[in-house]
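Participant: Generate coordinates for the entire structure from the input sequences, incorporating the hints supplied.
Chain order of the listed sequences is A and B. Under the numbering used here, the first residue of the first sequence carries the number 1, and numbering increases by one thereafter. Under the numbering used here, the first residue of the second sequence carries the number 1001, and numbering increases by one thereafter.
Keep in mind the hints are simulated off the structure, nothing from the lab. Fair warning: this is a prediction, and the values are worked out from it, not measured in the lab. You can trust all of the hints, since none of them are fake.
Taking lysine-lysine pairs in the BS3-like style, the calculated list, with each CA pair at most 25 Å apart, reads:
| id | chain 1 | residue 1 | chain 2 | residue 2 |
| --- | --- | --- | --- | --- |
| 1 | B | K1126 | A | K159 |
| 2 | B | K1103 | A | K159 |
| 3 | B | K1087 | B | K1023 |
| 4 | A | K2 | B | K1118 |
| 5 | B | K1139 | A | K185 |
| 6 | A | K188 | B | K1103 |
| 7 | B | K1139 | A | K159 |
Where chain B lies over chain A, by a calculated footprint (3+ residues, C-beta under 8 Å):
| id | stretch |
| --- | --- |
| 8 | 100-112 |
| 9 | 125-136 |
Far from chain A, some chain B residues (derived; all Cβ distances over 10 Å):
| id | residue |
| --- | --- |
| 10 | I1024 |
| 11 | C1035 |
| 12 | A1043 |
| 13 | I1060 |
| 14 | N1089 |
| 15 | R1101 |
Even glycine gets a Cβ: it sits at the ideal position worked out from N, Cα and C.
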Amino acid sequence: MKHLISPLDLSLDELSKLLDLASDMYQNPKKYADVCHGKKLATLFYEPSTRTRLSFEAAMLNLGGSVLGFSSADSSSAAKGESVADTIRVISSYADICAMRHPKEGAPYVAATHATIPVINAGDGGHNHPTQTLTDLLTIKQLKGRLDNLTIGFCGDLKFGRTVHSLIEAMVRYPGSRFVLISPKELKVPTYLREEVLDAHQVPYKEVNVLEEIMPELDCLYMTRVQRERFFNEEDYIRLKDSFILDAAKMQYANKDMLVLHPLPRVNEIATEVDNDPRAVYFKQAEFGVYVRMALIMTLLELTVA
Amino acid sequence: MLNIGGLTEGVVIDHIVAGGAMKIYEYLNLDKLDCSVAIIKNAKSKKMGKKDIIKIDGPIRVDLDMLGVLDPNLTLDIIKDGKIIEKRNPQLPELVTGIIRCKNPRCITSIEQELVHKFRLTNKEKGMYRCIYCEQAYKR
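Facilitator: This is the structure:
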């Protein structure tokens, strides 16, 4: 049995098959409407995350399956002090597959080592969020037609933004990837990412702190939110959160086929005036998130359609 | 230089980062040994400026390679019949279980006390270990 704990758990071949399946689901949703009939997904959310949880639930419902679970630690046995290992042992007898969101890093890994059902990491602290990475990859593949030879700009909080780290780690596996890292100096990508991922794979990248100048170079621009909870004090947060805002004026510098992605939720880093620009695909991206989760559930459950 | 002339069987743990000897002393439970143990702190070193050394005058039955987890640059001089029969750096183990603890306050091990702290060697040259749960690098 296989779990998805890190975005790199899937080989390029497995990833390619998964994205092809998600793409087919997007084109022909009816074909898959009953594939999970009689199967149950447990959503074990130890911290609130409406979007990710609903995306998983929508995915399972689209496949004809059922959903059970909890959406905060307060309403789970964790409030009584039960360990992740014990919880997953019990849940394994209630459901066929589970998606776990936990504020502590490594919790889904612990669950996977004790589970008898597939475990999907739905986000563990600032560590991994593999289904977001799969969502990003599907969006790029669907809308650009490829995952190789792309220049991707990452803007905003590149220090704490786990979606950025995971997508970079996923993209360095494709030939011709190039990155432009746009952030204030306080929020640059961590050293380990620079040394162990970018330099180790000899991937060209540059770090800049002005958005406009590099816009014409980009195939995709991945915007991120400066998250309040990642800061230790309010002053730093307020000083930095408005640093890099994408608006219609800056979009004028972009290529006509550049994509703007964002893991959502957005605060103010993308002005709402950009929403109607056809290059702004972040709501489409959220939609693709459901299809990639459908493909993942079906793959991990080893189900097929006739 | 440390005089090891009187040693018939034992180990000299040399080139320990200055100030690191006590951590190794505690890990090896050297206080439990009957034989003589010498700790030299801040010895002069051409290579390191300052270093610590531990000399154990007797047999010791632990996996000395595990010391590489605490200090990858130390050297082990194995002595038998009054001679150095082996002089080497520790071979870093691929997996380290229950020796070092993850210091990441966001790691699941910070709230689940029964979890065994485990680390995987991720960079042999730098002697870098990462927690298998949260993947944070272990800082010595």
